[in-house]
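Kindly produce the complete structure, drawing on both the sequences and the hints.
Protein chains in written order, with our numbering: chain G, 24 to 182; chain C, 24 to 182; chain X, 24 to 182.
These aren't lab readings, by the way, just hints derived from the structure by calculation.
Bear in mind the structure is a predicted one, so any value in this text is a computation, not a measurement.
Built from N, CA and C at the ideal position, the CB exists for glycine as well.
You may find that some hints are simply not true.
[Stated by the list, open to error] Stretch-level coverage of chain C by chain X, calculated; a stretch enters the list once three of its residues show a Cβ under 8 Å from a Cβ in chain X:
(1) 44 to 52
(2) 82 to 90
(3) 94 to 104
(4) 169 to 182
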Amino acid sequence: MGERKKTTIILFSGDYDKAMAAYIIGNGAAAYEHDVTIFHTFWGLNTLRKNHNVPLKKNMLEKMFANMMPNQADKLGLSKMNFGGLGRRLLKKVIKKHNALELPQLIELAQQQGVQLVACTMTMDLLGIKKEELMEPLQFAGVSAYLGEAEEGNINLFI
Amino acid sequence: MGERKKTTIILFSGDYDKAMAAYIIGNGAAAYEHDVTIFHTFWGLNTLRKNHNVPLKKNMLEKMFANMMPNQADKLGLSKMNFGGLGRRLLKKVIKKHNALELPQLIELAQQQGVQLVACTMTMDLLGIKKEELMEPLQFAGVSAYLGEAEEGNINLFI
Amino acid sequence: MGERKKTTIILFSGDYDKAMAAYIIGNGAAAYEHDVTIFHTFWGLNTLRKNHNVPLKKNMLEKMFANMMPNQADKLGLSKMNFGGLGRRLLKKVIKKHNALELPQLIELAQQQGVQLVACTMTMDLLGIKKEELMEPLQFAGVSAYLGEAEEGNINLFI
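Here it is, written out as structure tokens:
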């Protein structure tokens, strides 16, 4: 009795604003005593990259995507009106003004609240992203782990 | 007994076609006797803006996003093949030809059917959107109100 | 007892990477013994187009969208870093290198696994897409059919 509710979010998008939405919902659900999992796949993996370059051996193909993508949450663009990063900087300015949390802080809060952060291993391979480049603690899993959680989920979203 | 089913939709996107999809699903679910709530956040708030400019005192930061965004549902762009508004005009033409509903009419229908339209107060602050600029009736709420609805939802979508 | 679980996915997007995500989740859920339905609407319909042009009588309006859109799954662009098709070609290269499945193969697998593929009739009309242009087997339905499935769904996603 009193079983905990569950929220799962697939973060596919690599946009600053969409990642914010994912983490705001995730943090809210955790505060509501839900078990929360955020699965990062495709461009959403960039949210988890450490904010410094990790020297790694990569082949040419692996380098191509990885080097073209933003290498930290704080450098993601907006899904709308990004204007080459100007929109994100403007958004960050208003976030500060309202004492709201920026994306890196939202991620930190999620970690503190025990939100499970998962990186999709299949798309890590495709985009040439290595474990060493991603923040910790982090779980590594595939679609079947996602399905195992989501089929019991009260709230399942794809962002 | 005979408890009503529930559908919640987060409309994050500010694209005409995605807003159409949200309202078509929302209206369909209302016709199916679901309790339906559409939460408008980030660019989705533009769907709710009145189609005339409301004179308001805003500071510079507040003006920046608000003035760059389309100020009514009817002016949103398409997520694909918008070509500077041409795509939307073409879509509106075929909608008329098929006697289907344009976005403003879909919103009106939702209001008539008792779909709860909610504006996310946190992103209103961030994007500098004031209550006076948004259509009525409308509720104002945050992520916890969303979670309260969605955790009981049969269908929860993020659009 | 032992009632089967259900997954429904609305594929709204016409991006190669998002369609891949939809089919990977759908195939995974089918392997997990879920009843799976993928509803293709708006740009997601392009995923289902046959990879050759079908000669059809269309009026001017119908021709406009249909001719501007990619006419097969294999020609869809990426949602990020497409660079005029270069990104997709790069992604396909890494998919092959990792012996993963490309989009057309993911669709074939879904058909073999009994995933129900549905095309949204309303948006077929709007975008000027005819039944003859779409692959088989395929069901044709509208929003009410979607709702009938989704309200019983364990996992419902909008992609």
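Tested hints:
For a cut-off of 8 Å, the count of residues in the stretch 44 to 52 of chain C with a CB near a CB of chain X stands at 5, and the three-residue condition holds. Restraint check on the stretch 82 to 90 of chain C versus chain X: 0 residues with Cβ-Cβ distances below 8 Å, three needed, restraint violated. Residues of the stretch 94 to 104 of chain C with a Cβ under 8 Å from some Cβ of chain X number 3, which satisfies the need for three, so the listed coverage holds. Here the stretch 169 to 182 of chain C counts 6 residues with a CB under 8 Å from a CB of chain X, which clears the bar of 3, and the coverage holds.
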